[in-house]
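There are 4 protein chains.
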Amino acid sequence: MKTFATDIRVRYQETDNMGVVYYANYLVWFEVARTEFLRSMGLVYRDLEDKGYYLMVASLSCRYRSPVRYDDIVRAETWIEEMKNSSLKFGYKLSVNGKSVATGDSVHVFTNKSGKPVRIPEEIRSLPVDI
Amino acid sequence: MKTFATDIRVRYQETDNMGVVYYANYLVWFEVARTEFLRSMGLVYRDLEDKGYYLMVASLSCRYRSPVRYDDIVRAETWIEEMKNSSLKFGYKLSVNGKSVATGDSVHVFTNKSGKPVRIPEEIRSLPVDI
Amino acid sequence: MKTFATDIRVRYQETDNMGVVYYANYLVWFEVARTEFLRSMGLVYRDLEDKGYYLMVASLSCRYRSPVRYDDIVRAETWIEEMKNSSLKFGYKLSVNGKSVATGDSVHVFTNKSGKPVRIPEEIRSLPVDI
Amino acid sequence: MKTFATDIRVRYQETDNMGVVYYANYLVWFEVARTEFLRSMGLVYRDLEDKGYYLMVASLSCRYRSPVRYDDIVRAETWIEEMKNSSLKFGYKLSVNGKSVATGDSVHVFTNKSGKPVRIPEEIRSLPVDI
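Chains as they are written, first to last, in my numbering: chain B, 1 to 131; chain Z, 1 to 131; chain E, 1 to 131; chain H, 1 to 131.
Pulled out of the complex, with its shape left as it was, chain B reads as follows:
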C-alpha cells in the first residue's frame, strides 16, 4: 500500500466566521497526514529531527472543492509523488463521507539544522513512491 489515510475530527478552533473551516487549516491536516504516513512506515518525524534532519517546505498547492464543517471527520490521504536527491513531493486528498473536499501537494527539502540541503536519509529513500 502506497497511500496512507488518517481520520481527523474538525475542531471548533479550525472554523471561521463563514461557518466553515478556515483555508490555512487544510495545511495543518496535511502535516498530520505526513506525520502519520511516516509513522505507518515505521518512521517518527521527531526522531528524524533528533538526528539532525529537517523538512523545510519549498512549495504548496491546494485546490478547495467543497467546504468542511465543524465536527466533520476528514479523511486525509497522502503519498509520496516524487523523490529527488534532497527533496520529496507529497500528494494529498481530503474527503468527508467519501466526497472529495480538497486535493493538494507540497514539496519539502531535507536540510541540516542550519538549513543547508542534504541527501535524503536512507530510511526515507526506501519508502514507496506512488507514480
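Source of the hints: derived by calculation from the structure; they are not laboratory data. It is possible that some hints are incorrect.
Same chains, same label: a pair holds when it works inside one copy or across any pair of copies.
What the hints assert, rightly or not - Listed next, the in silico DSS-like pairs over lysine-lysine satisfying Cα-Cα at most 30 Å (straight line):
(1) Lys116 / Lys84
(2) Lys99 / Lys113
(3) Lys2 / Lys84
(4) Lys99 / Lys51
Let chain B serve as the given structure and place chains Z, E and H on it in line with the hints.
Coordinates of chains Z, E and H only, in the frame set by chain B:
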C-alpha cells in the same frame, strides 16, 4: 497604484519547533494583505459579508523561498491578477528587509450565503487588475 | 464515571520557537475534551448549535506545570465542576505519560443565537456533576 | 507611564463558527501586548532569547466580558502587576471602541534554555511595576 503593501510583525504564536514560521501562517498573512488591499480601495470586506457576499477560496499556491523568524516585519504585497465573472485571482509577494521570502496566489469565488457563485459586485469589478 | 479522557497527539503547528507547545493551544485541547466528553454522554455539540444553543465562554484559568512537546500524546480529562441555571463550569487535567502537565477550568454560559443567556437545556441538565 | 497599549486588528483567521473570536486567540493578543510593552521600554524579547533567557508561562486567567468580531480593532493594554525573584505577573485589559471586552493576567518564569528558573535579568528588573 495596483499593488498594495502592508507590514505585519511576526507573532511568537506563528513560529514552530524549527524556530521559523509554520507554513500555514503565510496564508493568514495573505488574508491580512487582501483585507488591507480592499480597505485601501475603500472597500471593507466585513461590509461585503453584511451585504451577503462571501469570498470562498478555490485554490492556493505558495512558493517558500526563505524562512521567516519571530519578530521579523513581513511586508505583504498583493494585487489582483485576474478577474472573471464570479472569481478573482490575487497575487502575493512577501518580503523581509527587502528580501523576497515567499510568493503565491489564490483564487476566490464570490458566492451568496448559501454558497452559490454570484457575479462579482460592481464595487469590486471597478478595482484595477494588474496584468 | 464522571470524568472523561481523550487522547490528543501534539501537532507540529501547535509548537513554537521555544520547542514546546504554545500556551494558547492548551485551550484548543480543552475544547476537544469538552466536545468528546459531551459526545461520550450522547450529546453532539454541533446538534446543540443547530437547536439554537450556544456556549459562550465567560472565564478561563490554566496552570501550566510542565512543557509539552511535539508528537507527545496528551491525555485530556474533563468533568463538570458546577452547574447553575444558565452556566457550566468544566474542570480539566492534562497529562503526558501519566505526568500532569496542566490543570484548568472554564465557565461557559448557554445563550441563544443573539447572545442572551438561557436556561441550560434538559439533556445537559441531566449530566453528572463531579463535586 | 506604567501601562502600555497596542492596537490589534482582528483577523478572519481568529474568528470561529459562532461569528466571534475564538477564546484561545485572546492569549495571542496578550502575547502581542507583552512584546510591544517590552519594546516600548527598549527591550526586544527576541534579544532576551538570544541571550539565553526564556519566559515560560506558569499560569493564565482570562475573563471574557463581551464578544469580539472580525475586523474590530482591539486595544490591548498590559502592565507588570508583580515582580518576584524569577517570575513576572502581567495584567491585561482588552477593549473595543472604549468598551472593555476582556481582562486577564499571566505569570511567567524566567528560565535558561534548559528550563531552570533563573533570576530576572537587570534590564527587566528595572521596569516599573504597577501596584
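Hint-by-hint comparison with the structure:
For the identical chains of this complex, Lys116 and Lys84 are intra-copy neighbours only, at 16 Å inside a copy versus 42 Å across copies, given an alpha-carbon limit of 30 Å. Only between protomers do Lys99 and Lys113 lie at most 30 Å apart by alpha-carbon distance; the minimum there is 22 Å, versus 40 Å within a single protomer. Taking the shortest alpha-carbon separations for Lys2 and Lys84, only the intra-copy value of 17 Å comes in at or below 30 Å, while the best inter-copy value is 39 Å. Taking identical chains as interchangeable, the C-alpha atoms of Lys99 and Lys51 lie at most 30 Å apart only when they sit on different chains, with a minimum of 26 Å there against 39 Å within one chain.
Checked against the numbered hints listed earlier, the structure breaks none of them; every hint is satisfied.
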